[in-house]
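From just these sequences and the hints, can you work out the full model?
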Amino acid sequence: MNIVWLLLIGAAVVTAAFKGNMAAVSNATFSSATTAIELAIGLVGGMTLFLGLMRVAQDAGLVQLLARALRPVFRVLFPDVPRDHPALGAIAMNFGANMLGLGDAATPFGIKAMEDLQALNPEKETASDAMCMFVTLHSSSLQLIPVMVISLRAAAGSKNPSEIIVATISATLGSMAVAIVTSRLFARWWRRRAEGGRA
Amino acid sequence: MRDVFNAASSWIVPLLILGVPLYAYAVKRIRVYESFIEGAKEGFQIGVRIMPYLVAILVAIGMFRASGAMDWLVWMIQPVVAWAGFPAEALPSSLMRSLSGSAAFAMSSEIFKVHGPDSFIGRLVSVIQGSTETTFYIMAVYFGAIAVRKTRYTLAASLITDLSGIVAAYIICRLLF
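Residue numbers (our numbering), protein chains in the order written: chain A, 1 to 199; chain B, 1 to 177.
Quick caveat, the hints were computed from the structure, so don't treat them as lab data.
Mixed in with the good hints, there may be bad ones.
Taking lysine-lysine and the PhoX-like style, the derived pairs with C-alpha atoms no more than 25 Å apart in a straight line are [claimed, not checked]:
#: 1; chain 1: B; residue 1: Lys41; chain 2: A; residue 2: Lys124
#: 2; chain 1: B; residue 1: Lys113; chain 2: A; residue 2: Lys159
#: 3; chain 1: B; residue 1: Lys41; chain 2: B; residue 2: Lys28
#: 4; chain 1: A; residue 1: Lys124; chain 2: B; residue 2: Lys28
Please read these numbers as outputs of a predicted model, since none were measured by experiment.
Next comes the structure, spelled out in structure tokens:
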């Protein structure tokens, strides 16, 4: 993360120096910082609503029910998480909301899942294998019906805006498989490197 | 078809917000209002906690976008993807997707306008946008919320996943369209 962060900023400053558009880059710093805070504040409303709803579902045992249904999947993905741990319920809710295209609901559930995983994490400042797997899976977009893309296509006058659904689901499943294999391999490599006696 | 999706997605949330508390109250005899408030308490603190993470990554991405460094990145990668037959027009929006969803969608709209949403490029861009994710944002929010600073291999694995989404989308579009 350190390297990528510096690379983004470094590339920006070097490019701006060549192209002579440093003023635009300078403006972007403050406007992006403001946008970031607006985004965070914007998340709070939905977050509060769905965290509340999630607690009700948890107290009623609904979350646990969902987690139990997905247990075989979770045993493969998150072998380090005990099978009745609340984290799996939150992960199930997050996956469900993502697949249905409810982005606003998915984020609070995902954050709840991260908090529950953090309770299991021995080193609080370092990501656990389960966290890395969970976040990496998001990069495959999880979403089955790409609502945003379909409405963009419709707005552009497509004759059949939803014709890309099957292709999108296939591509998503493919990259999901890559996400699982990649995080698993990285986890193993990381552990071996840690054990490799780099004192 | 699209109307069905839209109708279905507008029903899901209201039904959840009715159904879950109703079941909890009627079947499980839970004090649903108190339970809701208890869970909702954390919402604001989480928003505040993710702020430094979001500012750090969005400022870096904002600077990168404003500088036009993306053009150079595209120029460097273009020969490689051209060799695979991947259309050059679809490259910038695909690379942008991991950094900024709104920017990538704006670029996609532009492509739809020029090539048409039902062209091969239009479909390819659609599938790519639908099967990749705003990785940097997700990482900032999720790890920020629990104050984890060392994310180990997550970024590397996520970017490989994004890349595989683009490759998978290309292969599938070649087969289907």
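Hint-by-hint comparison with the structure:
| no. | hint | verdict |
| --- | --- | --- |
| 1 | B:Lys41 x A:Lys124 | holds, 22 Å |
| 2 | B:Lys113 x A:Lys159 | holds, 14 Å |
| 3 | B:Lys41 x B:Lys28 | holds, 22 Å |
| 4 | A:Lys124 x B:Lys28 | violated, 35 Å |
Hint violations for this structure: number 4 only, all remaining hints satisfied.
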